[in-house]
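Visitor: Protein chains in written order, with the working numbering: chain A, 1 to 268; chain B, 1 to 395; chain C, 1 to 226.
Keep in mind that the hints were calculated from the coordinates and are not lab data.
Mixed in with the good hints there might be a few duds.
Covered stretches of chain B, as calculated for chain A (at least 3 residues, CB under 8 Å) [as the list claims (entries may be wrong)]:
1) 14–28
2) 271–279
3) 327–334
4) 338–347
Here are a few chain B residues that sit away from chain A, every Cβ distance over 10 Å (derived from the structure) [as the list claims (entries may be wrong)]:
5) Lys61
6) Gly62
7) Phe66
8) Asp136
9) Asp225
10) Arg255
11) Tyr256
12) Leu264
13) Tyr375
None of these values were measured; they are calculated from a predicted model.
Every residue, glycine too, gets a C-beta built ideally from N, C-alpha and C.
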Amino acid sequence: MLSSLFLFFLLQQATPRTIAIDERLAADAHLKIGDRVYLSATPESRSPDTVIIGAILKRSNDPAEVARSEYRIHMHLDDLQSITAYGDRVDRYAVATPNEAATTRALTKINSAAFGFDAHRSKDIAIGTSKTFQVVSRFHKAIGVITIVASAIFLLCIMLLKVEERRRDVAALRLMGISRRTVMRAVVIEAALLALLGSAMGVGVGWIGSQFVNWYYRGVYRTPLAFSLITPSIVTLAVLLSLVLGISAGILASLRLVRTPPLVLFGR
Amino acid sequence: MPFTLAWASLRRHPTRTLLAMLGVAVSAALLLDMVMMSTGMRESFRTLLLSRGFQLRLAPKGTLPFDTDATMLNTREMVRILRANPDFNAVSPVLGGTLHFPRGDRVITASALGLDPAVQGDYELLAGRAPTRPDDIVVNNFLYSSLGARIGDTLRVATGYDPQTREYSGMRKLVLAGRIRFLYGAMHQRGAAMQLQTLQQMSPPEKADASSLMMIRIRDGVPMDSAIQWIKQRISTVNVISIEAALDQVDERLRYFRQLAAMLGSVSLFVGFLLVTTLVTISVNERIGEIAVMRAIGISRAHVVAQIVLEGVAISIIGAFAGLLLGLVTGRYLNSILSSFPGLPEAIDFFLWQPKSAWTALGLLALSGIAAGVYPSFRAASLPIATTLREEAIA
Amino acid sequence: MSVVEARGLARNYSFGKEVVHALAGVSFDVAESDWVAIVGPSGCGKSTLLNLLGAIDRPTRGSVAINGTDVARMDDKQATSFRLRNIGFVFQRFYLMPTLSARENVELPMAEAGVGKSDRASRARELLTYVGLAHRERHRPSELSGGEQQRVAIARALANRPAILLADEPTGELDARTGSEIIGLFDRLNRDGTTLIVVTHDEDLASAARRKIHMRDGTIVDGAER
Numbered sequence: 001m002l003s004s005l006f007l008f009f010l011l012q013q014a015t016p017r018t019i020a021i022d023e024r025l026a027a028d029a030h031l032k033i034g035d036r037v038y039l040s041a042t043p044e045s046r047s048p049d050t051v052i053i054g055a056i057l058k059r060s061n062d063p064a065e066v067a068r069s070e071y072r073i074h075m076h077l078d079d080l081q082s083i084t085a086y087g088d089r090v091d092r093y094a095v096a097t098p099n100e101a102a103t104t105r106a107l108t109k110i111n112s113a114a115f116g117f118d119a120h121r122s123k124d125i126a127i128g129t130s131k132t133f134q135v136v137s138r139f140h141k142a143i144g145v146i147t148i149v150a151s152a153i154f155l156l157c158i159m160l161l162k163v164e165e166r167r168r169d170v171a172a173l174r175l176m177g178i179s180r181r182t183v184m185r186a187v188v189i190e191a192a193l194l195a196l197l198g199s200a201m202g203v204g205v206g207w208i209g210s211q212f213v214n215w216y217y218r219g220v221y222r223t224p225l226a227f228s229l230i231t232p233s234i235v236t237l238a239v240l241l242s243l244v245l246g247i248s249a250g251i252l253a254s255l256r257l258v259r260t261p262p263l264v265l266f267g268r
Numbered sequence: 001m002p003f004t005l006a007w008a009s010l011r012r013h014p015t016r017t018l019l020a021m022l023g024v025a026v027s028a029a030l031l032l033d034m035v036m037m038s039t040g041m042r043e044s045f046r047t048l049l050l051s052r053g054f055q056l057r058l059a060p061k062g063t064l065p066f067d068t069d070a071t072m073l074n075t076r077e078m079v080r081i082l083r084a085n086p087d088f089n090a091v092s093p094v095l096g097g098t099l100h101f102p103r104g105d106r107v108i109t110a111s112a113l114g115l116d117p118a119v120q121g122d123y124e125l126l127a128g129r130a131p132t133r134p135d136d137i138v139v140n141n142f143l144y145s146s147l148g149a150r151i152g153d154t155l156r157v158a159t160g161y162d163p164q165t166r167e168y169s170g171m172r173k174l175v176l177a178g179r180i181r182f183l184y185g186a187m188h189q190r191g192a193a194m195q196l197q198t199l200q201q202m203s204p205p206e207k208a209d210a211s212s213l214m215m216i217r218i219r220d221g222v223p224m225d226s227a228i229q230w231i232k233q234r235i236s237t238v239n240v241i242s243i244e245a246a247l248d249q250v251d252e253r254l255r256y257f258r259q260l261a262a263m264l265g266s267v268s269l270f271v272g273f274l275l276v277t278t279l280v281t282i283s284v285n286e287r288i289g290e291i292a293v294m295r296a297i298g299i300s301r302a303h304v305v306a307q308i309v310l311e312g313v314a315i316s317i318i319g320a321f322a323g324l325l326l327g328l329v330t331g332r333y334l335n336s337i338l339s340s341f342p343g344l345p346e347a348i349d350f351f352l353w354q355p356k357s358a359w360t361a362l363g364l365l366a367l368s369g370i371a372a373g374v375y376p377s378f379r380a381a382s383l384p385i386a387t388t389l390r391e392e393a394i395a
Numbered sequence: 001m002s003v004v005e006a007r008g009l010a011r012n013y014s015f016g017k018e019v020v021h022a023l024a025g026v027s028f029d030v031a032e033s034d035w036v037a038i039v040g041p042s043g044c045g046k047s048t049l050l051n052l053l054g055a056i057d058r059p060t061r062g063s064v065a066i067n068g069t070d071v072a073r074m075d076d077k078q079a080t081s082f083r084l085r086n087i088g089f090v091f092q093r094f095y096l097m098p099t100l101s102a103r104e105n106v107e108l109p110m111a112e113a114g115v116g117k118s119d120r121a122s123r124a125r126e127l128l129t130y131v132g133l134a135h136r137e138r139h140r141p142s143e144l145s146g147g148e149q150q151r152v153a154i155a156r157a158l159a160n161r162p163a164i165l166l167a168d169e170p171t172g173e174l175d176a177r178t179g180s181e182i183i184g185l186f187d188r189l190n191r192d193g194t195t196l197i198v199v200t201h202d203e204d205l206a207s208a209a210r211r212k213i214h215m216r217d218g219t220i221v222d223g224a225e226r
């Protein structure tokens with residue numbers, strides 16, 4: 001029995017352990033499951049370990065990973081500790097709990113019992129480590145505000161032009177006895193319809209653009225992460241904003257028109 | 001006369017003209033910002049890299065400087081080999097690490113650089129003196145105020161800290177010799193610098209002769225490629241990175257912003273063009289009769305086209321100048337947002353003002369102004385005079 | 001010698017398959033210092049004829065010579081340049097540039113012809129004085145009455161000393177009193193040597209002319225011979 005165990009032990013020692021590599025490393029280094037590779041902590045190491053590729057991992061949807069070009073491998077904990085001479089240490093523990101209440105209880109217990117380290121909720125860490133994306137988000141919002149201002153001016157200019165183009169029609173209506181209110185209402189309704197139509201087209205163009213952006217950057221960064229999302233709230237905001245801008249432009253433009261005497265509109 | 005007529009035509013509808021110029025100004029501002037952003041990062045980074053004149057950098061193989069915790073071993077031997085090359089004016093080895101400063105019941109942590117103060121290219125001295133003695137340490141303003149210490153104070157500093165056992169390793173007493181500003185330091189990042197050997201001695205044994213980076217200053221006139229080849233032939237375990245290669249790597253990481261700049265710049269140019277062309281087209285349509293009369297009394301087609309094109313150009317140019325000023329303001333604001341990227345050197349600007357950017361934006365807008373007026377003007381100037389006059393009379 | 005020689009002028013318009021013969025072979029001469037009124041019912045081809053004489057339209061057939069130069073075969077660039085220096089136009093609706101003052105409107109053709117700034121300013125003033133509007137030279141068209149605008153238009157038409165002055169219903173937009181002022185101005189111009197061809201429904205204007213050409217259905221029925 002002892003000799004069997006020893007043989008078993010010898011056999012175990014002789015059989016390399018497995019690692020999992022990410023799909024980009026597999027593609028770039030032309031590796032597949034079953035391949036043997038040498039692994040060491042430094043390039044100068046003279047006695048690297050031999051391991052077998054046991055699995056290929058898909059990249060996660062983690063935004064923090066997007067711009068990082070280094071490859072990732074998963075190993076057995078003791079293998080990594082051994083190969084890096086880290087000893088019986090880890091950087092962190094991840095703890096799964098059944099529900100929110102259990103998480104709170106676990107946090108309290110761990111933080112009061114253990115010294116030298118802290119327990120955190122995962123989502124709090126996510127917020128803390130997503131500062132890069134908060135910066136990008138703020139930048140996008142600033143660009144968004146600038147383009148909205150430009151669009152508002154553009155819209156007002158176009159509405160002014162459109163309304164002025166038909167000043168003779170409006171003059172004729174006013175001379176016939178059509179009230180200012182009716183004229184304004186007609187212009188504002190037209191502006192609102194234009195805004196709705198325009199925003200529908202804009203949502204369509206935005207959706208196509210979003211698909212393209214995701215397709216392109218997923219290819220560039222080799223990630224399943226979605227870079228652009230069009231959500232119902234974004235669509236609602238866009239439509240409401242363009243409606244408000246369009247109606248405001250229509251009101252301003254029509255006010256100018258109805259305040260001008262009809263004969264002056266005719267050019268007399 | 002085309003100038004007079006064009007200007008008079010623009011003044012005819014001042015609100016419309018002003019609005020159009022405002023619209024062009026906002027488009028121009030965004031265009032200028034995008035032009036600045038497309039080149040700003042690269043140029044800003046290049047200026048930073050060259051600020052101390054070091055053209056080459058050596059990092060552990062497969063990495064960029066300070067991208068990972070990897071280090072290069074046998075630093076002394078590497079420095080000896082590199083300094084033997086008469087083409088290399090200076091070789092500056094740097095080791096990165098973390099320091100812990102026990103202050104009462106709290107511990108202040110900071111990043112650290114071990115370097116040779118005589119040939120360093122990482123900081124500029126603000127007060128006090130450089131760490132010329134083995135027991136000297138210099139700190140940046142953020143760490144200085146966190147420590148609450150003064151120049152001349154003795155500090156207890158450790159390279160290792162086990163929070164579980166609350167034990168320090170690599171502890172040493174160092175004298176605060178001066179205050180510095182790190183050239184590559186990120187905003188709100190605590191940092192310190194000391195002599196390379198000091199940090200190596202304080203670090204675990206595997207870092208006794210390690211460095212994270214080496215910077216090399218090459219003599220003027222020496223080709224970069226030959227210097228890189230020389231190093232690769234003698235030291236095979238390092239990455240040799242020229243300024244251009246480093247910039248290419250940064251470009252690759254910040255590719256998104258360049259693409260965004262190109263896309264937004266194109267969109268804003270297009271929007272500006274659309275605005276001007278719409279305005280000119282409607283303006284021309286309103287004046288078809290006048291244009292036909294001008295042709296009837298003998299004004300040439302070329303002059304009619306010139307007048308209308310000038311209107312478009314005037315709106316674009318005036319709007320563009322206003323937009324340049326606005327663009328500088330919005331550029332500063334956008335820069336302040338992007339500068340808060342964690343880990344980004346404070347000295348990096350995303351939006352770098354260069355006269356070339358302004359001329360590019362202005363030129364593009366002037367061209368779009370010309371293009372905007374060309375089609376409607378040619379259309380108007382080519383209408384049959386008699387038919388147009390009759391239709392206008394009926395209208 | 002005739003200032004204007006029209007021979008076999010015809011102008012057809014196509015509307016899909018239908019062809020309209022606006023002018024069907026018109027021939028006549030106009031001598032220097034002549035004043036011709038072309039009259040006829042609406043749609044008889046009067047304005048079409050005037051457009052051909054003024055080289056702002058091209059005939060389907062026939063020729064038009066102004067001071068011996070055939071304008072019917074000129075390309076657009078040649079016709080434009082010829083109009084600038086040889087033909088003055090007065091329209092029913094004045095068609096002054098609303099953004100220019102009276103003086104600037106008169107200067108416009110001279111500027112195009114390359115006349116120097118001071119020369120054209122003095123000529124413009126001279127012409128405005130001639131038409132009785134020297135005191136209104138800085139006013140924009142919107143600040144002038146209909147009659148005043150038409151007088152400015154006449155001054156503009158005379159700017160480059162044209163061989164002929166063509167007027168299409170010049171009193172059409174004016175009341176009777178103002179119309180007669182314009183007729184008086186035309187009379188003075190003609191006495192001073194200007195060759196005038198006017199198209200009109202205005203009986204008073206037609207009567208004031210030295211010669212009448214009657215048109216009907218695209219042809220001259222009377223008055224072709226001097």
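Visitor: Please list, smallest to largest, the hint numbers that this structure does not respect.
Guide: When the structure is compared with the hints, numbers 5, 6, 10, 11 and 12 turn out to be violated.
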